[in-house]
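Enquirer: Residue-level listing of the chains:
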Amino acid sequence: MSTTTLPTTGARVRLTAGAGVPVVETEGQLRSILASLSGVDAVGAEARAARLATRSIKRTTKRAALDLAISMVDLTTLEGADTPGRVSSLCAKAWRPDASDPSTPSAAAVCVYPDLVAHARERLAGSSVKVAAVATAFPSGRASLAVKLADVRDALDAGADEIDMVIDRGAFLSGRLGQVFDEVVAVKALCGDAHLKVILETGELVTYDNVRRASWLAMLGGADFIKTSTGKVGVSATPTVALVMLEAARDFAESTGRLVGVKVAGGIRRAKDALRYLVIVNETAGSAWLTPDLFRFGASSLLNDLLLQRLAQRRGVYVRPDEFSGD
Amino acid sequence: MSSRPLANSELGWLAYDPAPESSSLARLAPSYGLFIDGAFTDPGAHQQVPTVNPATEATLATVAHAAAADVDRAVRAARHAYDTVWSVTSGAERAKYLYRIARLIQERARELAVVETLDNGKPIRESRDVDIPLAAAHFFYYAGWADKLEHAGFGADPRPLGVAGQIIPWNFPLLMAAWKLAPALAAGNTCVLKPAETTPLSALILAEILQQAELPPGVVNIVTGDGATGAALVEHPGVDKIAFTGSTEVGRAIQARVAGRATHLTLELGGKGANIVFDDAPIDEMVEGIIDGIFFNQGHVCCAGSRLLVQETVADEVLRRLQRRVEQLRVGDPLDKNTDVGAINSRAQLARIEELVAAGEREGATRYSSSCALPEHGYWFAPTVFTDVSQSHRIAREEIFGPVLSVLTFRTPEEAVAKANNTTYGLACGVWSEKGSRTLWVAQRLRAGVIWANTYNRFDPTSPFGGVRESGFGREGGRPGLAAYLDV
Chain A
1 MSTTTLPTTG ARVRLTAGAG VPVVETEGQL RSILASLSGV DAVGAEARAA
51 RLATRSIKRT TKRAALDLAI SMVDLTTLEG ADTPGRVSSL CAKAWRPDAS
101 DPSTPSAAAV CVYPDLVAHA RERLAGSSVK VAAVATAFPS GRASLAVKLA
151 DVRDALDAGA DEIDMVIDRG AFLSGRLGQV FDEVVAVKAL CGDAHLKVIL
201 ETGELVTYDN VRRASWLAML GGADFIKTST GKVGVSATPT VALVMLEAAR
251 DFAESTGRLV GVKVAGGIRR AKDALRYLVI VNETAGSAWL TPDLFRFGAS
301 SLLNDLLLQR LAQRRGVYVR PDEFSGD
Chain B
1001 MSSRPLANSE LGWLAYDPAP ESSSLARLAP SYGLFIDGAF TDPGAHQQVP
1051 TVNPATEATL ATVAHAAAAD VDRAVRAARH AYDTVWSVTS GAERAKYLYR
1101 IARLIQERAR ELAVVETLDN GKPIRESRDV DIPLAAAHFF YYAGWADKLE
1151 HAGFGADPRP LGVAGQIIPW NFPLLMAAWK LAPALAAGNT CVLKPAETTP
1201 LSALILAEIL QQAELPPGVV NIVTGDGATG AALVEHPGVD KIAFTGSTEV
1251 GRAIQARVAG RATHLTLELG GKGANIVFDD APIDEMVEGI IDGIFFNQGH
1301 VCCAGSRLLV QETVADEVLR RLQRRVEQLR VGDPLDKNTD VGAINSRAQL
1351 ARIEELVAAG EREGATRYSS SCALPEHGYW FAPTVFTDVS QSHRIAREEI
1401 FGPVLSVLTF RTPEEAVAKA NNTTYGLACG VWSEKGSRTL WVAQRLRAGV
1451 IWANTYNRFD PTSPFGGVRE SGFGREGGRP GLAAYLDV
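As you go down the protein sequences, you meet chains A and B in turn.
1 is the number of the first residue of the first sequence in the working numbering; add one for each residue after it.
1001 is the number of the first residue of the second sequence in the working numbering; add one for each residue after it.
In short, the hints are calculated from the structure, not lab data.
Any given hint could turn out to be false.
Reference excerpt, derived from the structure (chain A facing chain B, CB under 10 Å, subset only) [stated by the list, open to error]:
#1 Gly39
#2 Val40
#3 Asp41
#4 Thr60
#5 Glu247
#6 Thr284
Non-contacting residues of chain A with respect to chain B, defined by C-beta distances greater than 10 Å in every case (computed) [what the hints assert, rightly or not]:
#7 Leu78
#8 Ser88
#9 Tyr113
#10 Arg121
#11 Ser140
#12 Leu190
These figures come from a predicted structure and were not determined experimentally.
Positions of the beta carbon are idealized from the N, C-alpha and C atoms, including for glycine.
Generate coordinates for the entire structure from the input sequences, incorporating the hints supplied.
Expert: Shown next as structure tokens:
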């Protein structure tokens, strides 16, 4: 389902080439750009996110938003125990999330470890669903650049459309910003046309100031998406972190003309939460970001709740969760 | 790095389908009497005055206009209750009633929020999330003080004043009633409360709650009416204390009237608050703070940040972001849960706003108003920002009490302080900077009762609120709020 069916209160973003993305040649340049960013007041940012959570989404807006959310799901399985069978099932689910209703949009992508990319690719042949692979020594990012690049190359060779890389939080937190930046640049160079999502692991960055700086670092390095979390640490996506990242994406677009997407991942299980994220997207970056090209949910169980709510909107009653396949 | 500003018109926002709260939750009676000595008088016994919904101009109910004789009955009931019941009720017992009132406000929160929004025009989001919860919080907070007055720092056995006459404004009807009643009752006074002429309904629901709480008759009396009713209360010789929140003009008249009498007085009057923005402020939260400062409650806030003082180096950037945010505000049906800015409370207030905005344009300031569509009926004013404002303009000096922001610039902290203080008022200011030392330097030099740092329009029962200079005297909230109702 495309976002053009949603009524907007104004024109869509029509960005022509802006000032362009600044060329960063030295760590000093990178530092001065990141240092020029405004700080984030944690109390104010959290209050803003909490207030946006009180928006009431009803009727046609809700129906459209549920479909939009389904189309934004990166259906994810990242377990050591993953099997080709499980990935097959996930692919089928992503392609036709509700077998009983062909009008249900497909999910945006399936997200797997590199060794399962080829299998997923095969299962999704003929569909619009993309194959995303986590790479660069996911989830910790603690490996040499050579190993990380090999990991990425492996996933690309197997047919991945999208690469979800992790930044080296150890390097970022100890101030080796140039190293983190160079890794993003190197991975992006290797990706070519494949979409690069850069995972900031905001739960380990801790402060919103760090989230804002890491967002800019990744966008300057060529990220197509900035992503909150791996889902493998205690704190994953939060509404406030999404707010800060969307502000960064909006400001980056304003100053460079380049639109970078945002992906929230980890712990998002309820349709209600997904709709709240869409409200934050809408009222922070604007409706231009209300498309799977620029906003994604990294999730697994979220999809079934979206389907449940979608059906409830259509039938007027809730169905049993068992009406939908588990993944 | 260079930046290409994105025109506001290039951004779009998804519109939301209407999500209205049900007006039937209000359960209003067609007409109301006065609440005197624990009971409602017969509505038919008084001249009835309609109270309208400012968003539709439809009449919600009619309320009694209390004549001088009614005010006299109310004051005598309060005196009797003071002498026979309340002054001999222990602090712990008084606390029980206050806790009960607080809980009943919470229980009837949804109904009260709808009533407040219908009568005042404020968005349901604000009445639901701010007015009603804070009103309950004030009763909870002062309930805690009722049996601890000897530890409040006012001596071993501080005594109440007696009968308090309390006159409240229309901008936060129930909340202002709570600010007045809770400390007065905790301290052991009895009360005669006069709600504002255009917003009497939530106080009358509160009267029902006082009955439910079985508060002894006469401890709180509520007399509805206009300025004449208020004047009768102020002039009544049986009143020991007058607490007034409202305009500086009326406050001045009240002070003149109580002069030479043994009547205690606190006044919480107008303001022309300055929101001071330095170039290192956290920009996104600061823009939200400016929005909250002036468009919260349609700008019908005595402490509104109605003057924006912005450092010249970031003025263009701040204004561009501010304009984008203003354009995003949802103006319309106050009952819709997604409405950000509701209706102007009355035709008279709308006329006052329009007059001052016209004066701003005449005096050469540049006006920007949100392009939002306004409803056909009711009283509405689009969120408005004036730039190119100078200190001498009326819009920089007079309280507009509406959704109108005047923007001025400064270059140094000294200049910011001088401009902020160049007003006859002194209620509230905001300072926005990530540099703590500068925030403190500025805050120490501002002449205002309330200074917010990196936030605006935040209220809490534990925090005293009140002004200096023409913004009045006396504090409401916190421990100092007790002093207004104790013989100290």
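Enquirer: Take the hints in turn and mark each one as holding or not.
Expert: How the hints compare with the structure:
Hint on glycine 39/A holds. Least Cβ distance to chain B is approximately 5 Å, under the 10 Å limit. With a cut of 10 Å, the hint placing valine 40/A at the interface with chain B holds, because the nearest CB-to-CB distance is about 6 Å. A least Cβ separation of about 4 Å between aspartate 41/A and chain B falls short of the 10 Å threshold, and the interface hint therefore holds. For threonine 60/A, the interface hint holds, the least distance from its beta-carbon to any beta-carbon of chain B being 6 Å, beneath 10 Å.
Contact between glutamate 247/A and chain B, as hinted, is supported at the beta carbon level, the nearest pair being about 5 Å apart and thus within 10 Å. Hint on threonine 284/A holds. Least Cβ distance to chain B is approximately 9 Å, under the 10 Å limit. Against the 10 Å criterion, leucine 78/A stays outside the reach of chain B, whose nearest CB is about 31 Å from its own CB. Listed as a non-interface residue, serine 88/A keeps its Cβ farther than 10 Å from every Cβ of chain B; the least gap is roughly 36 Å.
With a minimum CB-CB distance of about 35 Å to chain B, tyrosine 113/A clears the 10 Å threshold, and the non-interface call stands. For arginine 121/A, the condition that its CB be more than 10 Å from all CB atoms of chain B holds, with the nearest at approximately 34 Å. The beta carbon of serine 140/A is kept farther than 10 Å from every beta carbon of chain B, the shortest such distance being approximately 31 Å. For leucine 190/A, the non-interface assignment is confirmed: its Cβ lies about 26 Å from the closest Cβ of chain B, beyond the 10 Å cut-off.
Hint compliance for this structure: no hint is broken.
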